[in-house]
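First to last, the sequence lines map onto chains A and B.
The working numbering puts the first residue of the first sequence at 619, with every later residue one more than the last.
The working numbering puts the first residue of the second sequence at 6, with every later residue one more than the last.
To be clear, the hints were calculated from the coordinates, so they are not data collected in a lab.
Even for Gly, the Cβ is constructed at its ideal location relative to N, Cα and C.
Take the hints with a grain of salt, since some may be wrong.
Said to hold, decoys possible - Pair ranges (Cβ atoms, derived): (1) A:ARG662 <-> B:ALA19: 20 to 28 angstroms; (2) A:ARG627 <-> B:SER85: 28 to 36 angstroms; (3) A:GLU640 <-> B:ASN73: 38 to 46 angstroms; (4) B:PRO121 <-> A:GLU687: 23 to 31 angstroms; (5) A:ASP656 <-> B:GLU71: 25 to 33 angstroms; (6) A:GLU640 <-> B:SER85: 26 to 34 angstroms; (7) B:PRO84 <-> A:GLY634: 50 to 58 angstroms; (8) A:LYS689 <-> B:LYS63: 29 to 37 angstroms; (9) B:SER85 <-> A:LYS671: 44 to 52 angstroms; (10) B:PRO23 <-> A:LYS636: 49 to 57 angstroms; (11) A:SER700 <-> B:ASN35: 22 to 30 angstroms.
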Amino acid sequence: DVKVTQSSRYLVKRTGEKVFLECVQDMDHENMFWYRQDPGLGLRLIYFSYDVKMKEKGDIPEGYSVSREKKERFSLILESASTNQTSMYLCASRAPSSRYNEQFFGPGTRLTVL
Amino acid sequence: AQSVAQPEDQVNVAEGNPLTVKCTYSVSGNPYLFWYVQYPNRGLQFLLKYITGDNLVKGSYGFEAEFNKSQTSFHLKKPSALVSDSALYFCAVRPGSGAGSYQLTFGKGTKLSVIP
């Protein structure tokens, strides 16, 4: 089974702090994704990565950056956390070797910024 | 740009009754369509997908979905609902090729409540 893990289930930070959210997948997937989930808005794509050291902006990249130094790890960085970044963050991975493959999701990190 | 609409924020159904969760989409070219389920405080779990072929696709936990190209719909169905089916359901779409084919676009989700 594909396993996608996220470093924390719950995280509380203060406004202005630098925040790192880590995601690791164990199936050698090339593609990885970061979403945020908010009630009534569904999932919105923040950034994604085709492969190591490659990244693309999604629909809402403002206030975020990402890092993909190793294939299995995709980090989301909040350079200076703000209260409007309080949300559930979901990481996903996918193998494009089959074009039809679905994305596999981690359990999520619920971030609260005070 | 692609989009997904889930017109119902919440669906209530009695246990044992059939259930339908609605989804319509907009995408350029052939659509790849997906349903995911999310249980409380959990990530999303894949249920089923339509890529090509039969319009009726079967997935996990007894769920199925019907692709209707003329109505651009992909409604999720189950013949007999269980209380354990209560969860948040997301429909998602991406184009089969070309620009945006890496990117899944999700609907806002439908909360399904199955009443004992």
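Going down the list of hints, with the structure as the test:
1. A:ARG662 <-> B:ALA19: 20 to 28 angstroms: Hint violated: Cβ distance 33 angstroms, outside 20 to 28 angstroms.
2. A:ARG627 <-> B:SER85: 28 to 36 angstroms: The hint (28 to 36 angstroms, Cβ to Cβ) holds, given that ARG627 of chain A and SER85 of chain B are roughly 33 angstroms apart.
3. A:GLU640 <-> B:ASN73: 38 to 46 angstroms: This hint holds: roughly 41 angstroms between Cβ atoms.
4. B:PRO121 <-> A:GLU687: 23 to 31 angstroms: violated, 50 angstroms
5. A:ASP656 <-> B:GLU71: 25 to 33 angstroms: Cβ of ASP656 of chain A to Cβ of GLU71 of chain B: about 29 angstroms, so the range 25 to 33 angstroms holds.
6. A:GLU640 <-> B:SER85: 26 to 34 angstroms: Once the Cβ atoms are compared, 41 angstroms apart, the range 26 to 34 angstroms for SER85 of chain B and GLU640 of chain A is violated.
7. B:PRO84 <-> A:GLY634: 50 to 58 angstroms: Distance hint for PRO84 of chain B, GLY634 of chain A holds at roughly 53 angstroms.
8. A:LYS689 <-> B:LYS63: 29 to 37 angstroms: Given range 29 to 37 angstroms: holds, Cβ gap about 33 angstroms.
9. B:SER85 <-> A:LYS671: 44 to 52 angstroms: holds, 49 angstroms
10. B:PRO23 <-> A:LYS636: 49 to 57 angstroms: holds, 50 angstroms
11. A:SER700 <-> B:ASN35: 22 to 30 angstroms: The hint (22 to 30 angstroms, Cβ to Cβ) is violated, given that SER700 of chain A and ASN35 of chain B are roughly 40 angstroms apart.
The structure is inconsistent with the numbered hints 1, 4, 6, 11, although it conforms to all the rest.
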